[in-house]
Amino acid sequence: MGEEMSSKPYIREISKTNWFYGQPRYMRYMAREVTCIFIFAYTFLLIWALRALANGPEAYQAFLAALNSPLGILFNLAVLVGVVYHSISWFSLTPQAMPLQRGEEFVPGNLIIGAHYGGWAVVSLIVLFLGV
Amino acid sequence: MAKSNKPIVWGLFAAGGTITAFLLPVVVLLTLFAALGMTPDLFTYEYLHAFAANWLGKLVIFGVIFLSLWHAAHRLRITMHDFGLRQDLWIATTVYVLAALGTIMTFFYLLRI
Amino acid sequence: MSERQIQLEVLRYNPETDSEPRLQTYSVPCLNEWVVLDALNYVKDNLDTTLSYRWSCHMAVCGSCGMMINGEPKLACKAFIREYADQIRVEPLANFPIERDLVTAVEDFIAKLASVKPYLIPKEDKPIEAGEFKQTPTELKKYKQYTLCINCMLCYAACPQYGLVPEFLGPAAIALAHRYNQDSRDGGRDQRQEVIASHEGVWECSFVGACSEVCPKHVDPAGALQQVKIASTIDWYKEHLMPWVKK
Amino acid sequence: MEIIKADVAIVGAGGAGLRTAIALAEADPKLRIALISKVYPMRSHTCAAEGGAAGVIKSDDSMTDHFNDTVGGGDWLCDQDAVDFFIAEAPKELMQLEHWGCPWSREPDGSVAVRPFGGMKNKRTWYAADKSGFHILHTLFQTSLKYPTIQRFDEYFATDLLVDDGRCQGLTAIAMMTGQMTQFQAGAVIITAGGAGRMFPFTTNGAIKTGDGMALAYRAGVPLKDMEFVQYHPTGLPNTGILLTEGCRGEGGILVNKDGRRYLQDYGMGPESPIGQPVLKTMELGPRDRLSQAFWHEQRKGNTVQTRWGDCVLLDMRHLGEKKINERLPFVRDLSISYLSVDPVKDPVPIRPVVHYMMGGIHTDINAATPLPGLFAAGECACVSINGANRLGSNSLTELLVFGRQAALSAMAYLESGASPSNDAALAAQAGEAQARITSLFAKSGGAETLSGLRKEMMDLMEEHAGIYRTGEGLAAACDKIFELRQRYADIELHDKSNVYNTDLVQALELGAMLDCAEAVTVGARDRKESRGAHQRLDFTERDDQTYLKHSLAYYQPKEPPHIDYLDVVITKSQPGVRDYSGAKK
Ligand SMILES: Cc1cc2nc3c(=O)[nH]c(=O)nc-3n(C[C@H](O)[C@H](O)[C@H](O)COP(=O)(O)OP(=O)(O)OC[C@H]3O[C@@H](n4cnc5c(N)ncnc54)[C@H](O)[C@@H]3O)c2cc1C
Ligand code: SF4
Ligand code: F3S
Ligand code: FES
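Protein chains in written order, with this note's numbering: chain A, 1 to 132; chain B, 1 to 113; chain C, 1 to 247; chain D, 1 to 586.
If you are wondering where the hints come from, they were derived from the structure by calculation, not from laboratory data.
One or more of the hints may lead you astray.
Below, a list of computed lysine-lysine pairs in the BS3-like style, where the Cα atoms sit at most 30 Å apart [claimed, not checked]:
1) D/Lys497 to D/Lys559
2) C/Lys144 to D/Lys92
3) D/Lys58 to C/Lys126
4) C/Lys134 to D/Lys121
5) D/Lys456 to C/Lys44
6) C/Lys141 to D/Lys346
7) D/Lys123 to C/Lys134
No experiment lies behind these values; they were computed from the predicted model shown.
Please model the complete structure; the sequences and the hints are all you need to start from.
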């Protein structure tokens, strides 16, 4: 036993930029997080639509025309995938964030998730019904 | 310990997350139809204008856009961090300013309808 | 009893002789019902007495034996050989400095646990002679899950935010604060908020959820953290938008 | 060498050590308390305790019943004054834990719930599902964080006590993370270092339960008391020794042999109680010694079930149903499924007796004081003699609390009585010697013995000769052999010569402690020529109150086996009688 202090902890560095790469759990998380980019972009599309709407029928027609393009289609498709992934991941996390205790027992997570899916379907059908 | 400024936006983030999860997929589906040239009723000028002219309609539109914006902005702030961009103050300011701009624009356009 | 030859790759590091960790492989005859800890003990007893690691209970309750097994944070005493192929890699828990072989530095974690005031701060004073604080099974159930944490630190090893920002209080410590906050006998939430609602507290969490996925005791720290966020947000709004509402 | 000065040094941060530390900190906020432990507090083996802690609380129970159950359960080897004190303090301590936040299981009206336990006439075991020890330990640890005067030395391995002027004045310990020897100077030392079940190959005890604390005191001249009494728990998983709590039977689980017969009725514990409605103090709720002995007889008769892991009997809990099992015994279910691939909801679980608890330990009086001034002990490492020849399940967790606190109060009283100042030079010299012993371990090379080899020999001896049933011949052989192992131990070589977290060194020191304890067990058992409680001799099958209604005291001798002395048992109101678990009297 020497008298010198021999402890010298070794620190494993992790990359600040690609720590998630190749780890399925973290990749799923990042996929969920980047849905926000689609949502962000899409809200600006909606704002653009509002502006056109405020500027009168011609402006709005121009907006629709611009939308009706390969780029517009591609954009909407990409956003659709993003927002659906967002919905699924969001619903699957709610029981953890907002557990429900009924009497002694907690409502099983799957039931809460199921209820959300149900609500999602209803909302979507109503909008479709009103909108189409 | 340093107080965090995150709870200010977090409430909007959470509410926005929920609203977008329920609503956006179907709305995006509708604009996708529009992009494909099969503009659904909702996105025809007359229908949408009538909807936005009503104060309740305005409120709904404003709510959806406002919450989506702040939801996305806040999450973007975190995501930038996750990608290794550590200038949190700058990033936060940028995304929140963007969201604020969007909010103001939405407000004024709605007023003009 | 079936026996299987396992190649156990172990990350070794001796601060007195090594400048960085290295992998060493041991060939271990394992029974199928063994856990990885049994294989390590076999190495220690028969192949290499210099291998260092922590363990005690061998029944997944003392929380000593957390390590990365094939890259996943696990309790070595609850990682069954039967669930792995013939090659198993064992490394010290991620996100913690390595002191020696599989032994990591845990002072940081312990200090964080202590910082959240993880003890009952009673709502009302009551002498022992006056008997127990009444608590119904429903009230007990409300926080019970969060009492099950064995401080194994697997959640810290799984949480990337802790890895990226070492100041982050982390899942188990905040879940423990939440456990006391949710206890019907407790009135100390305000005192704990100071630490857990801070920037390095719950707000460093981005709900990756990995902590709950690896938790061997199903504590669900991720859930606890989101609930803390909701409560802290409500606090903020109450304080700033409705200052007349006294907490 | 670093010197740390404290008023009180505590060796061990399990249930007993933490309770002691809190009591000290509460009593006097100026006291400097050093809490030394070879593992982080919450890793201590108290965390493994499942069933619960006994204390009279309900109106249908009484102190007298708890007294009689404990003394009878201990086969009248308990000191009855200590038992009286223990029982009176028990409910207060458990209530104190409730006030500190322990998540005790509850009745619908919000009061704490109690469950039946083996050998107890009434329901009096407080429990927190089947993780009672875990919750007690964590509650204590978390509560201890409130007190800044409790200075913890986690992962410090205590090696020697410092004794000068006829008083214990501190100890030496190795800081495991740096390998450096540290000298603790303290006005009083309290040992709370836990049990020694690891002397046996098949045990419910964790790796850290190696009798270090017992050996510390023993080598400093303090006798070990009643070491021959080693408790087997009747229900361990056959492959790992993992315990299935007595709570399984308390909740209504039954034991059957290969023919499905509830064989306990054949060993004086009948008549059969209805399935799922356990009757206190009979059949499955008999005491542990009797149940383990019954297993041994069944095995002899060929009535056990053959499994891959040897002979077993079956613990059947199926009739309890999934809901009750999940609510009361979730950990048991998890353990059985994980480690044995048997789900108690669907199948009976094979089990067999397993070494569990040391009734014996450091000789202390009712105040938790040892004969050496300045040295106190509490918890499983101590023997205040409330457990006698056989501990009743759920008395031990309570014991930690009651005597942990008592040790603190006694140490304070001792400090206040004004001990004279220490002779620093003398202590330093002793610490130097302690360090030199360790250094010499490192220096040795070419030793013929391996740690694991010696350890295995010791364990095999203990299993074969110091198990449920013992013979004079076997014990004599074991005594000789263990003495020989002690000498061979001097020849071990450490392969790991490094300072940082050297577990090779730690295991070597632990083996030294276990050999000392093992010798005290075998010599004590050899010389006790009677059968009592957990000590059963095939050559002396009767209890002999004439000669052996006495505690044995083993005194350490460096070059010879221990010297055994005897001490009268304190009897106040209960004269030795027949231990009756037939349920006939009710
Ligand atoms: C599986 C199991 C289940 C049980 N169930 C029950 C039950 O239901 N009810 C009941 O009443 N009892 C039960 N018991 C018994 C009871 O749990 C133990 O007797 C009790 O927990 C011992 O506590 P302790 O504080 O004395 O020791 P421990 O909790 O074992 O702590 C010992 C401490 O000493 C320290 N230490 C040891 N050696 C050294 C050293 N050389 N240097 C520094 N520190 C050292 C350790 O680090 C540790 O902190 C059970 C026991 C087991 C094994
Ligand atoms: S929350 Fe779970 S993973 Fe984290 S320390 Fe506690 S038991 Fe371990
Ligand atoms: S993994 Fe980390 S980011 Fe939050 S949800 Fe768990 S603490
Ligand atoms: S050894 Fe205790 S948790 Fe694995």
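Violating hint indices (sorted, rising):
Structure breaks no hint.
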